[in-house]
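Engineer: Sequence:
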Amino acid sequence: MNKKLYAGISQILLGALVAVAPQTFAHVCAVKEMPMACHYTAQAALGIGIVIAVLGVAGLFVSDQTRAGLDIANAVLGVLTITVPTVLIGVCKGAMMHCHMVTLPTLIVLGVLLAVLAAIAAYLDLKPAKRA
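Every number in my numbering is 128 more than the matching position in the sequence shown, counting from 1.
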């Protein structure tokens, strides 16, 4: 039961942070005339974060094998969280822009944490229980 709670709560919190960070404390540039790449990165992070949190909630109510699959999916979503601001969409090119200095590293750190924690949770869910 404990590993279920630790994995689920950590994934829910990280998903919420991925969704909320680009909108609040790690905000991207304000949209003026034409949205920049960082605006679309924030929108993608919002969607990815919501999916991560929903999978974390679902993991609280399913069997170990199903939860392992959800953990693997969240590990992949953690990698996607990293690739959105770095490769797929990106952020502003200016090195002194807030999105480049704060949003980019925030999403990378959250993505790495999620990928590692979800992979560990999947391993623990797939590991056979010790017989006494």
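By construction, these hints were calculated from the structure, which means they are not laboratory data. As the structure is a prediction and not an experimental result, all values here were calculated from the model. Wrong hints could be hidden among the right ones.
In the BS3-like style, the derived pairs of lysine-lysine whose C-alpha atoms are separated by at most 27 Å in a straight line are [to be verified]: (1) Lys221 x Lys132; (2) Lys160 x Lys255; (3) Lys221 x Lys131.
Simulated restraints, written as ranges between beta carbons of each label pair [said to hold, decoys possible]: (4) Val240 x Thr152: 14 to 24 Å; (5) Tyr168 x Leu141: 34 to 44 Å; (6) Val185 x Glu161: 17 to 27 Å; (7) Val190 x Val244: 15 to 25 Å; (8) Leu252 x Val215: 45 to 55 Å; (9) Val215 x Phe189: 14 to 24 Å; (10) Gln151 x Val185: 37 to 47 Å; (11) Tyr251 x Ala223: 18 to 28 Å; (12) Ala158 x Leu254: 38 to 48 Å; (13) Glu161 x Leu252: 21 to 31 Å.
For every residue, glycine included, the Cβ atom is placed at its ideal position computed from N, Cα and C.
Engineer: The structure should be examined with respect to each hint, and the outcome stated for every one.
Structural biologist: Right, here's what the structure says about each hint:
Of the pairs offered as hints, the one joining lysine 221 and lysine 132 is violated, with about 41 Å between alpha carbons and a cut-off of 27 Å exceeded. About 52 Å separates the Cα atoms of lysine 160 and lysine 255, which puts this hinted pair outside 27 Å; it is violated. The hinted pair formed by lysine 221 and lysine 131 fails the criterion: a straight-line CA distance of about 41 Å is larger than 27 Å. Checking the proposed 14 to 24 Å range against valine 240 and threonine 152 shows it holds: the Cβ atoms sit about 20 Å from each other.
As the Cβ distance of tyrosine 168 to leucine 141 is approximately 25 Å, the hint placing it in 34 to 44 Å is violated. For valine 185 and glutamate 161, the hinted distance range of 17 to 27 Å is not satisfied, since their beta carbons lie about 39 Å from each other. Remark: the range hint 15 to 25 Å for valine 190 to valine 244 is upheld by a beta-carbon distance near 22 Å. Against the hinted window of 45 to 55 Å, the Cβ-Cβ separation of leucine 252 and valine 215 comes to about 30 Å, which falls outside the hint.
Distance hint for valine 215 and phenylalanine 189: a CB-CB separation of about 34 Å, inconsistent with the stated range 14 to 24 Å. About 20 Å separates the C-beta atoms of glutamine 151 and valine 185, a value inconsistent with the hinted range of 37 to 47 Å. Between tyrosine 251 and alanine 223 the C-beta distance comes to about 38 Å, which lies outside the given range of 18 to 28 Å. The hint said 38 to 48 Å for the Cβ distance between alanine 158 and leucine 254, and at roughly 45 Å that hint holds.
In this structure, glutamate 161 and leucine 252 break the distance hint of 21 to 31 Å, their C-beta atoms being roughly 50 Å apart.
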